[in-house]
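Trainee: Residue numbers (my numbering), protein chains in the order written: chain X, 1 to 241; chain S, 1 to 252.
Think of the hints as simulated: they come from the structure by calculation, not from any bench. Treat the hints with care, as some may be off.
[What the hints assert, rightly or not] 27 Å max Cα-Cα, derived DSS-like pairs, lysine-lysine: (1) K173/X to K125/X; (2) K207/X to K18/S; (3) K138/X to K18/S; (4) K125/X to K138/X; (5) K173/X to K18/S; (6) K173/X to K138/X; (7) K83/S to K162/S; (8) K162/S to K138/X; (9) K125/X to K162/S; (10) K18/S to K83/S; (11) K162/S to K18/S.
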Amino acid sequence: MPAVEIRAAQKSYGALQALRGVDLTIEQGEFFALLGPNGAGKTTLISILAGLARADAGTLKVMGHEVVQDYRAARRALGVVPQELVFDPFFSVRETLRIQSGYFGLRHNDDWIDEILENLHLTDKAEVNMRTLSGGMKRRVLIGQALVHRPPVIVLDEPTAGVDVELRQTLWKFIRQLNGAGHTILLTTHYLEEAEALCQRVAVLHKGQLVACERISDLLLGRQAATLEEAFVGLIRDVEI
Amino acid sequence: MGVGFTTLFGKEVLRFWKVSFQTLLAPLISTLLYLVVFAQVLGQRVSVYPGVGYAAFLVPGLVMMAMLQNAFANSSSSLVQSKVSGSLVFVLLAPLSEIEFFSAYVLAAMLRGLLVGSVVLVTAGFFFPPRIHSLLWILVFCFLATGLSGALGVLAGVWAEKFDQMAAWQNFLILPLTFLSGAFYSLHSLPPLWHFISRFNPFFYAIDGFRYGFIGASDVSPWESLLIVGSTCLALSWATLALLRSGWRVRP
Ligand SMILES: Nc1ncnc2c1ncn2[C@@H]1O[C@H](COP(=O)(O)OP(=O)(O)OP(=O)(O)O)[C@@H](O)[C@H]1O
Ligand SMILES: [Mg+2]
């Protein structure tokens, strides 16, 4: 059973076709990058996968669970770090993580919450109100919220935007560790060197269509490129002609 | 209904509790001001039902008005705030059913309405000790009316995408409905047209039935009020749940 299975996903916003029939399969244990220029449809695809939006057509499954019919199992299997920096200003960091655990049916989750806080360097901010955190710290709490229920599939929509260098490294160490422990990771990012360093396979979305989906090494070979960035830029140039 | 539901309910309660200055104390003060002004000014001159003083008539109306307004305000403002700030995603990502989602918001709204109502009643009771004709009718209308208003708040919160849209609900629906509800007067003292219009206002029945529980007198039978408030509550809940299931404006 694949971790993520997307068949013929379509989504329009009025006249704009955000997704024009996307097929994508991600196997369990993969560290997978979903790339594409601004507005390509990455966030739209993730939103549909997470049940935050509904597809016009197509079927999407997380760990074999269809995201609309079998939404409970599908959402339990998925942890999503949203792209937007959102937070609930009423609560502290620990309260935020406790509440998120509760939503997933977990009442006594403090050991794991402490571990998350430590790995995200938030231990000393645990009792601080969300409002008073810096942008990068809020982003880290978002990551923590996605992990409270130890989802087998973790989706990170530009998790490192606004996070400083040192933290980026500790963050990737943590995510790598989770990947090593068997979690499937789906990542979108505009830092292509990050994707190249972390991921085995990549898909490139362009105007709602998948224009590439293969191993990074194969992509580089096929396009005779030295780096993922070079391959990506060339690919986008070619499809835009 | 599992831990997910209780967590969302608890979060909603915590949300208004943390700002109880605005959510509990402010409505208490505004209701007491109404009471002071109206009971003082009209108290001597107006008698609505034979043998019932104006304050005894007014207090239950004001208490119900405060409950209706605060239940509505709780679910609607929580939803629209979290929509505008984006933090609703945390709830939407969770494996909660529409019923769990709906009930958590409505029950928290009911709790806020009931708390405000109790505080107002107790405070007003120092000045105007209430009579109690039937505790059962009082409780029935407390729960049904706050449920109705909380559900209406969820509907408004699902619909509204911005604060000014929510303000429109407040100003063009909730405010007229609560003021034209017979909180301050008996329907029989109204001109025929307004009397007729008020008969379509579910808040009128909530107040009339609730007041019956205190003074044992009402404009219409409490059974009629029960039927109308109860069925409006059911119809609204059903419609809101159907909207939630469709994903309209929540999972676009
Ligand atoms: N709620 C919405 N209403 C209308 N159009 C939308 C909505 N959400 C997304 N779109 C449009 O759909 C397209 C895809 O947007 P999406 O956010 O999925 O892009 P993306 O690949 O995530 O881009 P980025 O790299 O900038 O995050 C864009 O043209 C966007 O304007
Ligand atoms: Mg995006």
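Trainee: Checking against the hints above, which ones are violated?
Mentor: 2, 5, 9
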